[in-house]
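A.B. asks: For reference, the chains in residue letters:
Number of protein chains: 2
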Amino acid sequence: MKKIIVQKFGGSSVGSAERIKAVADICINTKKQEKCDLVVVVSAMGDTTDDLLDLMKQITNTPDKRELDMLLSTGEQVSIALLTMAIQKAGYSAQSLTGWQAGITTEPVHNKARIEKIETKQIKKLLSEDKILVVAGFQGIAQQEITTLGRGGSDTTAVALAVSLKAERCDIYTDVDAVCTSDPRIVEKTGRLKFISYDEMLELASLGAQVLHPRSVETAKYFNMPLRVRSSWNPENNGTLVIERTDGMIEGQRSVRGVALDRQQARLSIIGVPDEPGIAHRIFNELASRNVSVDVIVQCVSHDGSTEVDFTVKREEADRAKEELAKIAKQIGAKQACLDKTVVKVSAVGAGMIDQPGIASKMFKALGDQGINIQMISTSEIRISCIVQEADGEAAVKAIHNAFDLHEIKE
Amino acid sequence: MKKIIVQKFGGSSVGSAERIKAVADICINTKKQEKCDLVVVVSAMGDTTDDLLDLMKQITNTPDKRELDMLLSTGEQVSIALLTMAIQKAGYSAQSLTGWQAGITTEPVHNKARIEKIETKQIKKLLSEDKILVVAGFQGIAQQEITTLGRGGSDTTAVALAVSLKAERCDIYTDVDAVCTSDPRIVEKTGRLKFISYDEMLELASLGAQVLHPRSVETAKYFNMPLRVRSSWNPENNGTLVIERTDGMIEGQRSVRGVALDRQQARLSIIGVPDEPGIAHRIFNELASRNVSVDVIVQCVSHDGSTEVDFTVKREEADRAKEELAKIAKQIGAKQACLDKTVVKVSAVGAGMIDQPGIASKMFKALGDQGINIQMISTSEIRISCIVQEADGEAAVKAIHNAFDLHEIKE
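Quick note, the sequences are listed as chains Y and V, same order. The opening residue of the first sequence carries number 132 in the numbering used here; numbering runs sequentially from there. The opening residue of the second sequence carries number 132 in the numbering used here; numbering runs sequentially from there.
What the hints contain is simulated information worked out from the structure, not anything from laboratory work. Do not rely on the hints blindly, as some may be mistaken.
Pairs involving identical chains hold if they fit within one copy or between any two copies, as the list cannot separate such chains.
Simulated pairs of lysine-lysine, BS3-like, Cα-Cα distance not exceeding 25 Å [said to hold, decoys possible]:
1. LYS196 / LYS461
2. LYS134 / LYS255
3. LYS445 / LYS529
4. LYS262 / LYS297
5. LYS188 / LYS152
6. LYS493 / LYS320
7. LYS472 / LYS325
8. LYS152 / LYS453
9. LYS493 / LYS255
10. LYS493 / LYS445
11. LYS196 / LYS255
12. LYS243 / LYS352
13. LYS196 / LYS152
Same shape as in the complex, but just chain Y (with noise of 0.2 Å):
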């Protein structure tokens, strides 16, 4: 059997008639020039989703679920119809694909559906016939129900069809060249990723560099799929391969090789806390069990004895995070719940940093030049992160940025 590769492409990728021949000629020189089998995965075009939600809500904002997958799995069937015309009109043999068509079973949930099994038995016939198979992304099928795999569901299709399909790699092709050392919006001059591993990218994605859903990079890092970030204006450039191991491909002694911004955040803080064995357990067990999720956590003693907890929230549900806080201060006895949604959580990511001595003082002291305060810190092997004011975000990541050269990165 040829080699199998799967490409990618998101919304803008195919946002109008123009875009989607730019895309079947990529996919066909992709086919030609690797002579391999080929399964395309793409996403609505530009705004129709949008414009389905809008239209939607002059009806209603509270749809049912199951009929607002109905609605909005409409936009990759399109642009699978259009983009396998393309390919078709340049003169090669192609094929769409709906979720259903495709054999992608999620399970029976909507909205947000999580990939299930594929049945790749009619992909492998029609690849055997030397089609290219045009696949709609973030859709699925349970128990005759059309379902969508929410946030990041076509970068997820891609990935689980490479995976079911043990394809080579699976190219992601997006809006940017490649995966930068930082926020370009943000950072005037970045630096560019040749190789990063999977860790690296998801610290990445989730903190805010959104190449990559991170639900398709750990999925991709379980079952060790390479992934290629690519950009669709320029198929030319080979942008950042994702794998499991980048020892030996990062040049140097370079061990951060990423800053991100994360201002989805908010800080919690519970205030004389009595100073009793368990209290932090018993705080954050009560958090669990009403559903909420915390990020970095700080938790000191002050000299009367008293402690002082303090951790962040996703912004989005930091009020909600507070009353149960409020509600679990008054159980255990503590003083008071405090709650400051103007925090940000900027990071330095490199999957070398473990090994190398100095590298937080350097951060720390970049962000201490700059006058900007640090509320909060914590580490991981791959990752070193402070929490700070928002006003001071982006100067933080200018600074970080900056004290570790990482515009210099062209790999």
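Got chain Y sorted already, so can you dock chain V onto it with the hints?
C.D. replies: Frame of chain Y, contents of chain V only:
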């Protein structure tokens, strides 16, 4: 089991969010007043299909038929989701179904498939849960492929569902209040028909009063399914009931009940045909084998013993038919083949006509009084048609409508 009613709403009836809400009200009122199980069939919203085709034409003018069905079937899917949301928003239980979810199986042909079978098990189960079902018109499934039904598709879906579900009747909502005695764009004061027979409706539909597609009327006639044509803008109006026999419902002795104008006509003549037995059969046999459909036929023998045969064909097929006819003329030793694209067919229709002498002469007199020259005449049990010059078409309709006082019909 409760009685079942099927309602169908065309593209303009669901052309905007406002219209969709109005249609939801009609559905709910029917459900309440008739205490019935309700199945609703909808077309794509207003210009959706044209918009999709415009987008497509930027890519190709010769789309693959399968991909065209993939593209166009999204239009109805959007409508069913939105109408279902609107019905739910008004507090009623509802569920949308695509063609394949509704069990509508067609022959394995794209763009103009005929419905083979409707597996009603799922629909009946959902109806038993007291849900209003909203089904995508115009589409079905064949061998796991999405198919569309072509022209008049949504009407046909509605009638086929009504037949399969043994519905009490099928309501076809459109943008006219009722079937009129002629086209209101031609005749200022038209009469309004409360009842019409399938055969009359077929004559009027195929003759250009484009309220119902002949295909759906034929199916309704075959299974004797009552159709009610009504307006979604004036749902309180009872519209026109299309049934098998209207005897006894026609007031007085009125026999002509409608006048139609068919502009899609072209006249072909083959001149100087040798007067041999069987020559007409030979001409039309040849035409049929070349796939030319013929409508009105007139043959006349002139004094010199040669024969002229005149007939009409659809105007869009006229050029091709002319070429074929020229070949046939050579074969049989006729002089010449001529084409006139500037003719139209005006027809008086009425189920009671056959029993009433003098109808034809009254019609010819009406035309003669206006100085309109009749080129060809054809009759059936319920119709008299005259071929006239295109420029005389509208005047001919008015003259006949007036001669039979059809504006007085207000059943």
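A.B. asks: Are the hints correct? Go through all of them and say.
C.D. replies: Cross-check of the supplied hints:
1. Taking the shortest Cα distances, LYS196 and LYS461 never come within 25 Å of each other, neither inside one copy (37 Å) nor across copies (68 Å).
2. Only within a single protomer do LYS134 and LYS255 lie at most 25 Å apart by alpha-carbon distance; the minimum there is 12 Å, versus 47 Å between protomers.
3. In the homo-oligomer, the alpha carbons of LYS445 and LYS529 lie at most 25 Å apart inside one protomer (23 Å), although the nearest pairing across protomers, at 73 Å, exceeds that limit.
4. Taking the closest pair of Cα atoms, LYS262 and LYS297 come within 25 Å of each other only inside a single copy of the chain (18 Å); across copies the shortest separation is 43 Å, beyond that limit.
5. Taking identical chains as interchangeable, the C-alpha atoms of LYS188 and LYS152 lie at most 25 Å apart only when they sit on different chains, with a minimum of 12 Å there against 32 Å within one chain.
6. With identical chains, the CA atoms of LYS493 and LYS320 are at most 25 Å apart within one copy only, with a shortest distance of 20 Å there and 89 Å across copies.
7. Taking CA atoms no more than 25 Å apart as the test, LYS472 paired with LYS325 passes in neither setting, with 36 Å inside one copy and 67 Å between copies.
8. For the homomeric pair LYS152 and LYS453, neither the shortest alpha-carbon distance inside one copy (50 Å) nor that between copies (40 Å) is at most 25 Å.
9. Taking the shortest Cα distances, LYS493 and LYS255 never come within 25 Å of each other, neither inside one copy (53 Å) nor across copies (70 Å).
10. In this assembly of identical chains, LYS493 and LYS445 lie within 25 Å of each other by CA distance neither inside one copy nor across copies; the values are 28 Å within and 84 Å between.
11. Taking identical chains as interchangeable, the C-alpha atoms of LYS196 and LYS255 lie at most 25 Å apart only when they sit on different chains, with a minimum of 23 Å there against 32 Å within one chain.
12. Taking CA atoms no more than 25 Å apart as the test, LYS243 paired with LYS352 passes inside one copy only; the shortest distance there is 21 Å, against 46 Å between copies.
13. Proximity of LYS196 to LYS152 under the C-alpha cut-off of 25 Å is restricted to the inter-copy arrangement: shortest distance 19 Å between copies versus 33 Å within a copy.
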